[in-house]
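Chemist: Here is what each chain is made of, one letter per residue.
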Amino acid sequence: MAGETVDPAPAPAPAPAGPVQETGEIFDVTRFGEYTQFTVVAPGVARAYQPGQFAAVAVGGPETSMLLRRSFALYGVKPGREFAGTIQFVVAANGRGTEWLVQQKIGARLDLVGPLGVPFPLPRPGVPAVLVGGGYGSAPLIPLAEKLIAQDSEVEVIVGAATAGRLFGELQIKRLVGTVTVTTDDGSAGQRGWVTDPLPSAIERLGAEIVYACGPMGMLRAVGEVAQAHAIPAQVAVEESMACGIGVCMTCVLPVRGSDGVSRFVRSCVEGPIFDAGRIRWADVGKLPADLYGADGM
Amino acid sequence: MTMDMTVDMTTSLASVELANPVLTASGCAAAGRELSQFFDVADLGGVVTKSIMLKPRSGRPTPRMAETPSGMLNSIGLQGPGIDSFIANDLSWLRQAGARAVVSIAGHNTDEFVSLAKRLYHQPVDVLEVNISCPNVESRGQVFACDPIASARVISAVRRATNPNVPIFAKLSPDVTDITQIARAVADAGADGISLINTLLGLDIDLDTMRPTLGGTTGGLSGPAIRPVALRCVWQVHQAVPQLPLLGMGGIRTGQDALQFILAGASAVSVGTAIFHDPTAPIRIIAELEAELARRGFRSVAEAVGFAHLSPEEQAAFLANRSPVAGVAS
Ligand SMILES: Cc1cc2nc3c(=O)[nH]c(=O)nc-3n(C[C@H](O)[C@H](O)[C@H](O)COP(=O)(O)OP(=O)(O)OC[C@H]3O[C@@H](n4cnc5c(N)ncnc54)[C@H](O)[C@@H]3O)c2cc1C
Ligand SMILES: Cc1cc2nc3c(=O)[nH]c(=O)nc-3n(C[C@H](O)[C@H](O)[C@H](O)COP(=O)(O)O)c2cc1C
Ligand code: FES
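Chains as they are written, first to last, in the numbering used here: chain H, 372 to 669; chain R, 1353 to 1682.
Just so you know, the hints here were simulated from the structure itself, not pulled from any lab data.
Here are the computed distance ranges between Cβ atoms for each label pair:
| no. | chain 1 | residue 1 | chain 2 | residue 2 | range |
| --- | --- | --- | --- | --- | --- |
| 1 | R | GLN1448 | H | GLY478 | 40 to 48 Å |
| 2 | R | ARG1651 | H | GLY478 | 37 to 45 Å |
| 3 | R | MET1562 | H | ARG467 | 15 to 23 Å |
The beta-carbon is built from N, C-alpha and C at its ideal position, and this holds for glycine as well.
Could you put the whole structure together from the sequences, leaning on the hints where they help?
Modeler: Written as structure tokens, this is what we have:
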């Protein structure tokens, strides 16, 4: 499936400033359906942030038995002017760490490391783009849409989820873009079906030259295939299990084909989480393909 | 209640003097570059680099980790760029960063270890850590460090091939019946010191798939969960080979944890998994350790190494004329 995609000459992302570790006070907690949105005072993280980047949050308090940080995509970042800078992220309670997190109240302090990862690369000004979010994956698309609109790109956004309670950001996106297409698997909101159903017509209507997506891996792969069928690139934000989030442990790797044609296991925390969908070897995720760089050294 | 905070924090790993006894653990800090975003790696006792092999190595398929109570399992499988790229890119970076470089090597067989040692002969290596906790392809995949003969063979071959000015440390696995037997074997084979412990072999099962969670099936357990095991190993090995310096590790998260390892006989410690929780942990632990030593009346790290092996009378005699901080000594 990994055919070459057309490059609309995305501007090289400016070198992001480095991450910081800081303790931030929770300024606001808001529930959206099954999700909990946190607004946290974190001027250091906010200062260097660009859309697509994430933060790693320590969970469980100082004596916790949960050693690993949980990663969340950032949005709603306000670099400080008269007030200290704030960041936002949205949490779906899944396991022990996120269950702890969603019980934290306003005024509690969180230990954060960020911003981490590479930002979404931006196309030339004016290039039309379709943005596709699955579940809480629509969160980082909000600041991306803002940036694209600010550079005169026409933008369409499709958000989807299994069910209405797992949609995120559709109202905010509608306010921002003017319109939003919603899909749910069970038809409880918007049109019944998957985000990839309305995607081809959105690409065609807009004459889109690039697609951006964030959501579950299966969705990203499907979005990448639709984009490829239209001969345009898809930049997708992946979600791999991460132990460190800062590039030192090698747990978060994906098989990715490089510009030299060689496939390698690359760290999704520092070389991602944003990748060109056409370069990820989706069928080999979780496998060790024999042609992977260094596979013969095993 | 003044606290005498002037503790001599220097220590040594065989012939190599370190500014302080806190290093990173192999595989938990890459080659230091990423951590330098958070602090100056030259402020550490040293950086122990990820075990490097002769050839580029992909590592194992994902998932490569599972969080466990107070720890984690990893099955990275020694992903790395191979020795040539390591020397050109990583070691040179570490050198210009001004950090002490403890280079960890791993091989499939004794010849590979020897080739690695030769390749590093003229490189800026302060200490060579020989990771023998990996499978020996010549012995149906049995881990070198589980067999005293295989361990001794690698260590004596590496000792001969390595620059004589560079101390070599054998890194031992705790997954053995008697770790002192392996320690004596590598000591006799010419190891200048011992690093311990590597991870313990563990397993996690995903209850959704009802299959092992990790791509590599089993994985190495690390973090505070293994600390008592690690401390016991340091204690036993210090008794078995008291002449050898030990680099102790396993679940160290605070200065108090580090002090336990030093009292048990470690000359220095490595911090691994704690970095994932707190990227600045190694630097924080240096300061915490200094305070813990001062509080107990120690004037240097060296005084505390192996102190737990002294009798209560010997300990009291040693600290008698010291002025420990009020409220601590009784
Ligand atoms: C770059 C990135 C951005 C993310 N953004 C968001 C977001 O905006 N909102 C949100 O709700 N979630 C997000 N996630 C997923 C979120 O990190 C996981 O759901 C969370 O770590 C699971 O923790 P837990 O305590 O619920 O699960 P546990 O099962 O207790 O977690 C155990 C360990 O596995 C890791 N882990 C488990 N599931 C995942 C997963 N799906 N992805 C990554 N690591 C996992 C955890 O980090 C932890 O180290 C993101 C993940 C990544 C990598
Ligand atoms: C992700 C990860 C990778 C590791 N890689 C290596 C390695 O390449 N070589 C090695 O000798 N030890 C490796 N280790 C073991 C550590 O160096 C250390 O011995 C062990 O984790 C115990 O210390 P800790 O509990 O502080 O992490 C690794 C550990 C982890 C968690
Ligand atoms: S999570 Fe550790 S390298 Fe990416």
